[in-house]
Amino acid sequence: MYPRAVGKNTEKSSSSSLTNYEPAIFVDVDGTLWPDKGPGSILHDIDLAALSIQISNLCNAISIYSVFAVSNQTCVARGLCTLDELKERVGEIEEYIRKSGVKFDFRYCIHHPEASDINYRIECSCRKPAPGLIQDISRDFSINLESSLFIGDRITDAQSASYAGIKRIFLIDNEKMFESNVFPINHEYAYTSVPFRVISSIAFLVNYIRHYGVQLL
Amino acid sequence: MNVLILCAGRGTRLQSVIGNQPKPTIKFGESNLLQRLLRELLPVDSISEIYINVSTGAKQIVKDLQLTHSFPKLCILYESVPWGPSFTVYEALKFSHQGLLVIHGDLLLESGTLGKFATELAIYGEEKSIIAVHERPRFNASQIVRVNNFSLVEEIIWRKKSVSFFERNKDAEHGSVFVDSGIYFFTPSSREVLKAPAFDSGISEGLLPQLFDEKLLKAVLWKGLRFAIDTGEKLEIAKNAFRNYPDKFRIP
Numbered sequence: 001m002y003p004r005a006v007g008k009n010t011e012k013s014s015s016s017s018l019t020n021y022e023p024a025i026f027v028d029v030d031g032t033l034w035p036d037k038g039p040g041s042i043l044h045d046i047d048l049a050a051l052s053i054q055i056s057n058l059c060n061a062i063s064i065y066s067v068f069a070v071s072n073q074t075c076v077a078r079g080l081c082t083l084d085e086l087k088e089r090v091g092e093i094e095e096y097i098r099k100s101g102v103k104f105d106f107r108y109c110i111h112h113p114e115a116s117d118i119n120y121r122i123e124c125s126c127r128k129p130a131p132g133l134i135q136d137i138s139r140d141f142s143i144n145l146e147s148s149l150f151i152g153d154r155i156t157d158a159q160s161a162s163y164a165g166i167k168r169i170f171l172i173d174n175e176k177m178f179e180s181n182v183f184p185i186n187h188e189y190a191y192t193s194v195p196f197r198v199i200s201s202i203a204f205l206v207n208y209i210r211h212y213g214v215q216l217l
Numbered sequence: 001m002n003v004l005i006l007c008a009g010r011g012t013r014l015q016s017v018i019g020n021q022p023k024p025t026i027k028f029g030e031s032n033l034l035q036r037l038l039r040e041l042l043p044v045d046s047i048s049e050i051y052i053n054v055s056t057g058a059k060q061i062v063k064d065l066q067l068t069h070s071f072p073k074l075c076i077l078y079e080s081v082p083w084g085p086s087f088t089v090y091e092a093l094k095f096s097h098q099g100l101l102v103i104h105g106d107l108l109l110e111s112g113t114l115g116k117f118a119t120e121l122a123i124y125g126e127e128k129s130i131i132a133v134h135e136r137p138r139f140n141a142s143q144i145v146r147v148n149n150f151s152l153v154e155e156i157i158w159r160k161k162s163v164s165f166f167e168r169n170k171d172a173e174h175g176s177v178f179v180d181s182g183i184y185f186f187t188p189s190s191r192e193v194l195k196a197p198a199f200d201s202g203i204s205e206g207l208l209p210q211l212f213d214e215k216l217l218k219a220v221l222w223k224g225l226r227f228a229i230d231t232g233e234k235l236e237i238a239k240n241a242f243r244n245y246p247d248k249f250r251i252p
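If you read the protein sequences in the order shown, they are chains A and B. With the working numbering, the residue at position 149 of the first sequence is 149, and numbering never jumps. With the working numbering, the residue at position 155 of the second sequence is 155, and numbering never jumps.
Note that these hints are calculated values from the structure, not bench results. For clarity, every value in this text was computed on a predicted model and none was experimentally measured. We put the CB at the ideal spot given by N, CA and C, even for glycine. Among these hints, one or two may not hold up.
[Claimed, not checked] Now the stretches of chain A that chain B is said to cover, found in silico as 3 or more residues with beta-carbon under 8 Å:
no. : region
1   : 48-59
2   : 195-207
[Claimed, not checked] Here are the computed lysine to any residue pairs in the SDA-like style, where the Cα-Cα straight-line distance is at most 20 Å:
no. : chain 1 : residue 1 : chain 2 : residue 2
3   : B       : K94       : A       : Y163
4   : B       : K73       : A       : I62
5   : B       : K59       : A       : A190
6   : A       : K167      : B       : H97
7   : B       : K59       : A       : I64
8   : A       : K167      : B       : P72
9   : B       : K73       : A       : R168
10  : B       : K73       : A       : S200
11  : B       : K94       : A       : Y189
12  : A       : K99       : A       : I64
13  : A       : K176      : B       : K94
14  : B       : K63       : B       : Q35
[Stated by the list, open to error] If you only want the chain B side, here are some residues facing chain A, beta carbon under 7 Å, derived:
no. : residue
15  : L67
16  : S70
17  : L77
I would like the entire structure built from these sequences, with the hints used as guidance.
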């Protein structure tokens, strides 16, 4: 049995008011919502106002107002911050985004197979490319994954989304797209193709949808 | 109609010549093989989506494609392990709910013919079968119709290897002939029949004969010059053809 994601939102949210099986927007954070500066990017300065506008624009374009950030956060496992500090930072981001009226939840995996702290050195089901985080969210919030969409920047993001059952997957064009953890050849997920489309930015996707509609995606 | 371009191969037979460079990135003139294919396929209105299957060398293959320019028509189909064409076709048919034209990514094709062919296939492919062709005019249409029971046959030009094949096999295994063409077409109903992928074998040893028996896979028409580049020898032949017939391979 694999451990589930650790973080403040891993238990079923009592505040969830989503009706059953609504679609949602899933997004990666490092390299997608804000610049990827390596492990601990979340601890750097983030322009929360710009981030909030970006998410609002995306929600308005697609007419989906539930956004879930899913992320591998190894900063604790690497000793860059404490779990409490990470929780506090995540809470700050969540609070700011929610002010715009978007339902926003931030889930993260704090495990790492080579973590310096043995408590986090776990082979888990929540670290992308495994689909655990998305599956947990789907279960907790009754999300229809097939009609949801995912935006990320790495092939591991696309793998995680595809394995969870999301069909519309977009990766932001970047040099590190294919730097990934490949599943072992005998792993069940190695026997799956992952379809995704490449976009230059979230704004690019928003503009496309505004012009041509979401149904063409 | 959707298109699947197979670019996930390891290219082991060409490694001594081109190293780890993926075959679809071999350049002929200004453009590489994959870019040449896409330049013909992207303008075809009847093609809804083009899946580019990548695995080994994915980064190199995708690097020069300017995917955002062709958004959302181009879709990457990534495999963490390249399981072979049978597996990839099986996976692609999960996503494609239309007829699927499958093209090997290591083909050098005469300019102007693939786009035209894709258009013809979109018009006729669903209801009529089309035959693969190239090189030497050794068979007439009636022979091919009799052997393969195809309903639409245009001018048949087939290469020498296939002559002996037809002489030896009048009635059976016609599927394996068309493997060499590197271009196949799956009807939409293929998805219903294709129950299990052949993970460890190429399409020629895997599902192709079965699909032909089910009449779900159709060979395709090819009138122009066409070179499959999977060995050093074939690469040289293609390079010579490219040099000797510049007008045939010039991209408009």
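Against the structure, the hints:
1. 48-59: violated (count 0)
2. 195-207: Contact hint for the region 195-207 of chain A vs chain B: holds, 7 residues under 8 Å.
3. B/K94 / A/Y163: 14 Å, holds
4. B/K73 / A/I62: Judged against 20 Å, a Cα distance of about 19 Å means the pair holds.
5. B/K59 / A/A190: Cα-Cα ~18 Å, so holds.
6. A/K167 / B/H97: This hinted pair holds, its Cα atoms lying about 14 Å apart.
7. B/K59 / A/I64: 32 Å, violated
8. A/K167 / B/P72: 14 Å, holds
9. B/K73 / A/R168: Since the Cα atoms of B/K73 and A/R168 sit roughly 13 Å apart, the hinted pair holds (cutoff 20 Å).
10. B/K73 / A/S200: Holds, at about 15 Å.
11. B/K94 / A/Y189: Satisfied, since the Cα-Cα distance of roughly 16 Å is no more than 20 Å.
12. A/K99 / A/I64: Given pair A/K99, A/I64 holds - Cα atoms ~16 Å apart, limit 20 Å.
13. A/K176 / B/K94: 28 Å, violated
14. B/K63 / B/Q35: 11 Å, holds
15. L67: At about 4 Å, which falls below the 7 Å cut-off, the nearest Cβ of chain A leaves the hint on B/L67 intact, so it holds.
16. S70: 9 Å, violated
17. L77: Holds, because the Cβ-Cβ distance from B/L77 to chain A comes to roughly 5 Å (cut-off 7 Å).
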